[in-house]
Amino acid sequence: MDTPPAPVPATWQLRLPYLTLALFLGTIAALVWLTRAYDEEAQRATLINDVLWMEQNMRFHLDRNAALLAQLGPELLAAGLRAPSTRASLEQLLRAESGLVRVIWLDAEGKLKGAVPPLSEAHLMGETQGAVPAASILRLARAIGQPAYGPAYEVAGGDYHFEVHVPLYAEGAFAGTAVGVYSLQTLVVRELPWWFSERYRVSVLDADGREIAAKSKVAPLSSAHEYRMSFEPPGHGLTLRITAYRGETRWIPVLLIGSLVLLCGVILWSVWQLRSQLARRLAAEQALRNESAFRKAMEDSMITGMRARDLRGRITHVNPAFCRMTGYSAEELIGRAPPLPYWLPDHTEQRQALLDRLQEGGSTPEGVELRFRRKNGEPLDVLLFEAPLIDAQGRHTGWLGSFLDITEQKRAQELARQQEERLQATSRLITMGEMASTLAHELNQPLAAIASYNSGCMNRLAAAGEIDREELMEIHLRLGRQAQRAGEIIRRVHDFVRRSEPKRIPVDINVIIRDAVDLIEADARKRRIRLLTELADRLPEVDADPVMIEQIIVNLVRNGMDAMHDNPPQRRTVRLRTGQEDDLVVIKVIDQGRGIDPQTARRLFEPFFTTKPEGMGMGLNICRSIAELHRGRLGFESNPEGGTIFILTLPVEPA
Amino acid sequence: MNTACAHIIDDDEAIRDALEWQFRTRGLACRLWPSAEAFLAAWQPDWSGCIVLDIRMQGMSGLECFDALRARDCRLPVIFITGHGDVPMAVGALKKGAFDFIEKPFNDNELLDIVAQALAADAERQRAAADRETVQARLATVTAREREVMALILEGKYNKVIADELNISMRTVEAHRAKIFDKMGVRSAVELAQLLTGIRY
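Note that the protein sequences, when read in sequence, are chains Y and U. Once you know that position 622 of the first sequence is 622 in this note's numbering, the rest is easy, because the numbers rise by one and skip nothing. Count along the second sequence from 1, add 1000, and you get the number used in this note's numbering.
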């Protein structure tokens, strides 16, 4: 069994798509990640930008307030709130937007000169912790000659305030300070523009990290986007914390990424499907290849010859066993149309007839015995089974024949048959010879005695002198007894023969002839002789022993076949004809042999007369005896076409 | 019982009776035996004549009887008769030394003629046997020296050559020769040679 070479898969070719796919997916993922990172970065940059802008804006605001205080302070110190312009400016300064909740002005000694809104008695002044305004900041502002900011302190209501002390100078000398009190909450809430507070939550943390003021909307915060910076001024450990609100989900990139992921998933899934389908296909292909190899091996190692033909009878396929059988190679046979090379030349018509019959009738389930010829000329006997070849679409495309080589069996059968025949003939001969020998011996004894008595008598008669009559009479008595003894033996033989009289039953002669033909047909075929029967219809029945009559027919046909031994093939026919003449059934066995010459004709029915080297000369004699036992006759005449016609007539019993 | 006669051995009484009658009409003596066993039981070495032996018999067959007789060194001529004559059997019997072979039934006096021949042959054989005995007796009288001379005479040598070979005188050789011829009853070397043919001396 030769397995077809397994296909060598080019692994790199197979893996390339997967590799590319992995790279592609990796690139997409990197791209998505990069886009996200860039986006983050851009957001963060915006945040920082916004925060810086806010810080600058707040500083500018504080600086402007400080500048206004510095401008307004000397007027406050000089005249208090008397001048309407001062009052108007102060009101302007204490607008809600400015973040200032109070303005206090102190003289050079730090003594409270006035405050708007006025300070209650509850307010502490000076050095004390929590005093407003704080003396320390005042000193600082006077020392540096610049506005100085104080630390944040808690006031009632949860708010935090801080102060700015702006030093005031009159005519080149320190005249006092203007103190602005800021509310952190107001500063943070009012100072920031709306768009900023839309985006960010701003809160102020003290040095301990506690949130002391915040502008907040109720919205989730994005922890990732947060920025802290020190709140300077006022400083003193305050920290400004800005946290971005989580923005609106940006649907387009999400959708894009989502679709990318989805498409990647689809690609992966389809590749996987493709892969599994490929695997299935490979498996199916392998299975098919295995199956095909198995079938081929099976077909190759089969002993039965297989031959496929198309509808016109041309050979389309043969297996090795068929080639071995016929000796022709597959190349020599495939495509050949009838007559096929292994047909016997003189059987062409017969084969064609069989083919035609197959075309009409279909298959031969019981098989047909045929004889072919091998390439080397040897005979080939086969048992042929033919069946229609139906393709996958159910169409009849041709014929499949399986051939069983039965040459050996046929030869063995033939040998066995011949052996059996010879054995039977021999045993018949031996039996007969034994009988004849015994009979001869039995008869010889009295005959020898008779001859001796007779010779003795002759001696006496020939001798001169007197003849003793008494003596001669005595001897003749004995002689007569021996003759009687011989007669007795003959009678016993006859009695014995009479015991095997025919067993007569009404028989159809045609049936007997068919049986006889069946019996002898194989022999005739072997000797290339045709047996033709021309049987009359409605033949009356005859009272006869069928076995004996069959024996006559077989014997006559054999004789006819022997007579045609040297004939050319076209003159090798034995005809068996039946008919009725008056109250006789007539059976004719007609050969085309040498015929019978007149000398032979006279002696033909004589016992022990034969024209055959191995003949016994009993056949025709026995046949005639059988015919006579049936009150019939056996005769012969010349065949006008050459050869002899043996005629057996049997009387029809009167009804 | 030393008279020559034909011994007929056949198990068929009619045959024996008919042959006896026929022999009588020709004046030939015969003795009848119903079986081979009976004959063998009675047989004596000094019997003369011939044996007519049927091949197929009840009990011992003719051929077996023939072998038994040969084993006993019986030299009587044997004529086989049979109703089953076939060539191989006849050839076999004749090769073994049978005198003749005749199929039943017999033609006229054919058997009797053959029996007569066999009797004559037996008589001749007996006479020859008697002559051989005489020669043997005469040879017994020849001395050892004379045998030496006789051997040389039979080789056809002249007296002178014999004398030289034996280292004796011619005269002595002549004396021996005369003595040998006298004792053997012959008159010449040729006669002596004829007499001694086939006899060991």
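Calculated from the structure, these hints are not laboratory results. There could be a bad hint or two in this list.
Said to hold, decoys possible - Quick partial rundown of chain U residues pointing at chain Y, CB under 8 Å, derived from the structure: (1) D1017; (2) L1019; (3) Q1022; (4) T1025; (5) C1030; (6) G1083; (7) K1104; (8) F1106; (9) K1160; (10) D1164; (11) R1187.
Positions of the beta carbon are idealized from the N, C-alpha and C atoms, including for glycine.
Sort out which numbered hints this structure fails and list those numbers smallest first. 5, 9, 10, 11
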